[in-house]
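The hints should help you fit chain B onto chain A, whose structure is shown.
Number of protein chains: 2
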Amino acid sequence: MRQVGSALWPRLRTVQVYGANTGVGKTVVSTLLCKALRKRLPDYNVHYLKPISTGPLEDQDNRHITRYSKDITSKTLLQFDDPVSPHIAARISKEPIDDQSILTRVHDELLSYATGKDAVAVVETAGGVLSPAPSGNVQADLYRPLRLPTLLVGDHRLGGIGSTISSWESLHVRGYDVNSVLLFEESRYDNHTYLREYFKERGILTLSLPPPPEAKSSQAEDEQSMKQYYDSASHSSSLEQCIDNIIRTHDQRLSSLQSLPKRADSSIWHPFMQHTERSEQNILAIDSAYGDYFQTHNSTGSGSKEGNQLKPAFDGSASWWTQGLGHGNPALALTAAHAAGRYGHVMFAGAAHEPAVSLSETLLQNIGNPRLSKVFFSDNGSTGMEVAVKMALKAASKRYGWSPDDEVLILGLKGSYHGDTIGTMDLSEPSTYNKKVEWYSGRGHWFDFPLVKMQQGKWIVEPPAGMEEEFGPTRAFSSLDEVFALSGRKADADRYEAYIQTSLEALTAEGKKFGALIMEPVILGAGGMLFSDPLFQHILVKVTREQCPELYGNAEATPDSELGWKGVPVVFDEVFTGLYRLGRFSSSSFVDVQPDISVHAKLLTGGLLPLCTTLASESIFEAFLSPEKSDALLHGHSYTAHAVGCDIAKYSLKTMQEMDEGSTWTSFKSAWKQEEGDGKQNLWSMWSQDFVRELSLRPNVESVFALGSVLAISLKDPAGSGYTSTAATGLRDTLLHDSSEENAIHSRVLGNVLYLMASMTTTPETIASIQRKVQAAI
Amino acid sequence: MRQVGSALWPRLRTVQVYGANTGVGKTVVSTLLCKALRKRLPDYNVHYLKPISTGPLEDQDNRHITRYSKDITSKTLLQFDDPVSPHIAARISKEPIDDQSILTRVHDELLSYATGKDAVAVVETAGGVLSPAPSGNVQADLYRPLRLPTLLVGDHRLGGIGSTISSWESLHVRGYDVNSVLLFEESRYDNHTYLREYFKERGILTLSLPPPPEAKSSQAEDEQSMKQYYDSASHSSSLEQCIDNIIRTHDQRLSSLQSLPKRADSSIWHPFMQHTERSEQNILAIDSAYGDYFQTHNSTGSGSKEGNQLKPAFDGSASWWTQGLGHGNPALALTAAHAAGRYGHVMFAGAAHEPAVSLSETLLQNIGNPRLSKVFFSDNGSTGMEVAVKMALKAASKRYGWSPDDEVLILGLKGSYHGDTIGTMDLSEPSTYNKKVEWYSGRGHWFDFPLVKMQQGKWIVEPPAGMEEEFGPTRAFSSLDEVFALSGRKADADRYEAYIQTSLEALTAEGKKFGALIMEPVILGAGGMLFSDPLFQHILVKVTREQCPELYGNAEATPDSELGWKGVPVVFDEVFTGLYRLGRFSSSSFVDVQPDISVHAKLLTGGLLPLCTTLASESIFEAFLSPEKSDALLHGHSYTAHAVGCDIAKYSLKTMQEMDEGSTWTSFKSAWKQEEGDGKQNLWSMWSQDFVRELSLRPNVESVFALGSVLAISLKDPAGSGYTSTAATGLRDTLLHDSSEENAIHSRVLGNVLYLMASMTTTPETIASIQRKVQAAI
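First to last, the protein sequences are chains A and B.
In terms of the working numbering, the first sequence opens at residue 2 and continues consecutively.
In terms of the working numbering, the second sequence opens at residue 2 and continues consecutively.
Next comes chain A alone, as it looks inside the complex (with noise of 0.2 Å):
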């Protein structure tokens, strides 16, 4: 499928004309404009668009135009006859049309305007801002992606100074740029003088125009009179205000997004960047974004002349694994909007809001987990980990005795990676990101593990080098699902539970504390994309739960309920892996164990916000409870359950469930299943398995892997793997530089490995088109 991206030629200024209704003279207004474009820019050609026409053909505003003005171009895309709103008269034509192929005739047809001579574009929708496209969407929803500048023709008439305002509101949330409005001027009703100040306040230029003639008993008399109107009217100094706004506004945008590298690189210090390797040159312009694509600069190939400056990217990141709902939602702007409306920001100290309370319910009863029973707020992935974190060990700390003078630590996994703060920073093991920090020490003991891969065509876990007798030799398995039946590996378990129960009690002999076990579930993230046994992760639960009471030499200490904390707090960070990242609302179910406390943050917003949430059971909570205040946990953030991100969270949760439980997924889903063997673990990715079994057999890819919206390609670096690998770099580049393509794909590496993610909304098309552009450059 094409991707139809935003339109932005040099030599081209386009204006998409949205009326505050039908009836306020969208195409009197057109006709206006064409004519006065025609008299102010003579060298430019003049283009009137108009995409869809609804109404007799004799009456079609194209030849409206051509009628009263020379010497432009006039074109219909889509005629129907009838007049009515065109989702309706789709329906009678019986020829639905989508809204992805009048986008890209829409574009082409722009695009032939495009080169050579400089050139306008007054492009006229049919009905209201939100009158139904022929799809049956809304019309603003329709002409998004494109994101062309927009003139807004307001109401003259009684009641039209609100539906103006409305109308804009409308495009406005939708991202849309309205640089102007123009209305008929009405003596009375006096609205343009209403919305001149209005919009003036909001920087929008508001002109008005003198009202055309009331209509004649006869045809020939009703255009004698138009022609006299549009001769002097065309006149008027409003519309060349209205010309010199729309050449104004075109040239800003283009040297607005052409000076953003400088702009950045001058005041910008960017995250995770060695900024001897920053410039001008690779800073990456972004201009919107919509759906799954980023609008970038295209500063290189087409795009270094005349040709369209922006190029849509998909977003391989989801941005930084955040992305669930899609850029550019109208869904969340709206949401967004309604929670600020309703509260803004409202304190949490002591307090309880509608949307606060019911996205911690929402967390509660899906999480799947019936230890946990309280929800707390926080701002990112960090923030939940360092209460996460102060959670645990205080736990810890006084189920065993401990004083604050005693050295706890942590268990975990090698290659971890919980956040950036310096608490989070210590829960990880030294390495690249964290051992320069000057306050950073690892406070903990790190478990190496087996990994899962495909590799040259199967599935295998694999041991770490020169760990064959610990975890057994390199297995194969007939499907991903097998690797995930947990219950039927009992060879691997034993092995497995050998291996950490005789390391842990090495441990608690030289004397170690721990007040917690601390995972990412299935995923390793940050630390390079490392998919983990998950029997592993289930035993070391197990072990971990089992025998740390005893070890302690407090084995009485054991909670009374089921449903208390056993050994040492399990803690889960699914920032990453949780809520629909890899197919199910809760990661933890992969592993098949039921953590004491547990971190999510990313698509819990859907995409939008930052905002996170540790849930804890009540064995933990009831650690803080004492007569001193001393012993709560004293953490909160300013904007701790802002109403804005629990809405929103509320919103993406249950979008997300509908399309599990719907039919949005079926397609990947039953691609993924098992025809034999132990197919109940469901497991399915957004990439098809063919797709990863042929990357993983070309001659430069060691591994591949892919699981819900995850897709991880391990290149092989003869210098040894790892974040500072610059194995991927090749291969990320050339995706987002195929100067051959209409569109580009923007990755992220971790050292030799390159990820891409879907967003959840990503289509089964889009999937297959960039793994098409994958397999071409890998």
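Since the hints were made in silico from the structure, they are not lab data.
Each hint should be verified, as a subset may be incorrect.
One copy or any two copies: either way a pair holds, since identical chains are not told apart in the list.
Heads up, simulated DSS-like pairs for lysine-lysine below, C-alpha to C-alpha not over 27 Å straight-line [to be verified]: (1) 437 - 514; (2) 514 - 436; (3) 513 - 543; (4) 513 - 436; (5) 399 - 774; (6) 437 - 71; (7) 415 - 630; (8) 670 - 774; (9) 514 - 543.
Just chain B now, with coordinates in the frame of chain A:
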């Protein structure tokens, strides 16, 4: 000024009827609804209320209603004879009516319906959703504080689908609950069929009604035909469903509000709270918020029976110090939605988008500190300070050649507070907040410092107990400005300098290494609202910058540039004090210091969403440049520089700058202007000097201060001050539970200190009313 709050009386069901445009049949629908209500709820009172009516008296909607329906009360509050928009009618009639008085009248009218018998009130608006009110503000903004449950009359005409959806969006972004949409059936356009599906997906009941008859030639015929229509159409099942929906949503809202505390108690782990003290009874349920006020559940006193279940409570902590532009601000909501619609969130690694770049430039240009040149984004003050300390320690370690194994400390002030993540906790001395956190270890030296306070009617600078020798005795000043006239306080400066120098020499003689000086300028917030002598902070920076290199025996390691950091990097934590909280864009000017790093959050987004910026000098930035990626600042949260937050921040800063340069705060500023002495400091507060002075004379008050929007009242506590004191809780509870008042004050205490904080849009009238309440309560 009386604060009109939201309306929710248990026995009065209200429905506010908005129209998707003029002429959609609001009055016909209201008439049908009243008739159907009369029939379906025979034991209820049925009230029709038209707050504002335009057009000839004989055409008044309430006359129409009473003509066709029996046994209902009907009233118009404001009548303008001219059938134009109310803002023009009000201008013509020369009786411009302000929003507040209309709100009050509507509220009081509803109140008169609310007791005794069960009742329903139908409140019909004028024109469309955003038609101007008499004041000129749009109608949906006028009525927003009442937040009445809403019925939208849709538009059945051509173009009506779009205008109905846009009208709903305008209500939705203002935080209204639109519970149902009603519109006439029209078979050709079939708007009702489309809208029923559209709104069903959004949880809104959409119903259609038979269309009214065409207008007849004579009035008598007309009345006869309307009567027949009403008699027949009022039996429509749509109206029954609509009425049931009104009743049901009313009951749901009540029960949701009443159950919120219980549900929160069950599912929420609150920030900064000892949960042994939490119960259903003391969790504050917040239904919504507008301007300076929460709408809280009024569960005691008048609210316990038939009274309004909602009570406005002044947000006296400015929602944990965040509020700038007021709750439920539609401009913020629309700005947020626009950025969401244009971008959603786009990953910021190596990328640039207009909101982030433009916000960075705004900050750097207005901060008034030529040292600062780069902006790093994170999510909250705590993460922003983590970034700041990483920056400072790296720069110092690099310059002085320290190894990762060296223990590097920071310099700061006692009572400082920089956040809840473990790294920022380590920036503060041991205290109630942190000492029981397992991984906390204070890493610094914290200086005592003199306090500024108004005591017994005098501004004084007071040394810490027992430190008169080091800091001099308590001194009185004629004004706060005189305290801040730093250059005039030579003797104090010398004394401070000698003390600091001696202290630093002793510390470094012990071999201690310091990598940063970190302070909250002027006021140390969470540590107890400690107003530090600005001269002491000034001198501390001066001495640290001058002395440190020599003390480290590395005097040559000074930067080339004037703007390079010297001694140790100076970090200002302006998270609380910056961005107009104390009346200025940056609070560093109060202490006449240009820090090398400064951190800004809270007010940054006007009070809507989490966002933080850490600003750094070029010389700090350069410390991370190297050929090695591992030398970079490897920090970055998923939603770094999220477009929504950046766009809101741009808007908020611009708005507050305009308020500062315009007349918004003039009355506050001029009230604080010094007539004699050194008046050049231009300190001012929204809280009046007389009020501050009067409070300071109260026998139970230890001291008071005010600056910008902050007021702090320190109460005498024989048991000692500090976080564990309960001296201020009585005053807090009195302000919240004052049952004689129509509105309450919600405040927060820090030990023996009760503070109040306004937003930047709080009016002088509101401040005056809060001051009176505090004077009465104390």
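Up to 27 Å CA-CA - residue 436 versus residue 514, copy category: both (23 Å within a copy, 20 Å between copies)
With 27 Å as the alpha-carbon cut-off, assign the pair residue 514 and residue 543 to within, between, both or neither. within (18 Å within a copy, 45 Å between copies)
Can you tell me if residue 437 and residue 71 fall within 27 Å by alpha carbon in one copy, between copies, both or neither? Close neither inside one copy (70 Å) nor across copies (81 Å); limit 27 Å.
Tell me, please, which holds for residue 415 and residue 630 at an alpha-carbon limit of 27 Å: within, between, both or neither? between (37 Å within a copy, 21 Å between copies)
At most 27 Å between alpha carbons: which applies to residue 670 and residue 774, within, between, both or neither? within (22 Å within a copy, 63 Å between copies)
Treating 27 Å as the Cα threshold, decide for residue 399 and residue 774: within, between, both or neither. For residue 399 and residue 774, the Cα distance exceeds 27 Å both inside one copy (55 Å) and across copies (45 Å).
Copy assignment of residue 513 with residue 436, given that the CA separation must stay at most 27 Å: both (22 Å within a copy, 22 Å between copies)
Is it within, between, both, or neither for residue 437 and residue 514, if the alpha carbons may be no more than 27 Å apart? Both ways: residue 437 and residue 514 sit 26 Å apart in one copy and 17 Å across, limit 27 Å.
As a check of your reading, is residue 513 near residue 543 (CA-CA no more than 27 Å) within one copy, between copies, both or neither? within (20 Å within a copy, 45 Å between copies)
Checked against the numbered hints above, the structure breaks hints 5, 6 and satisfies the rest.
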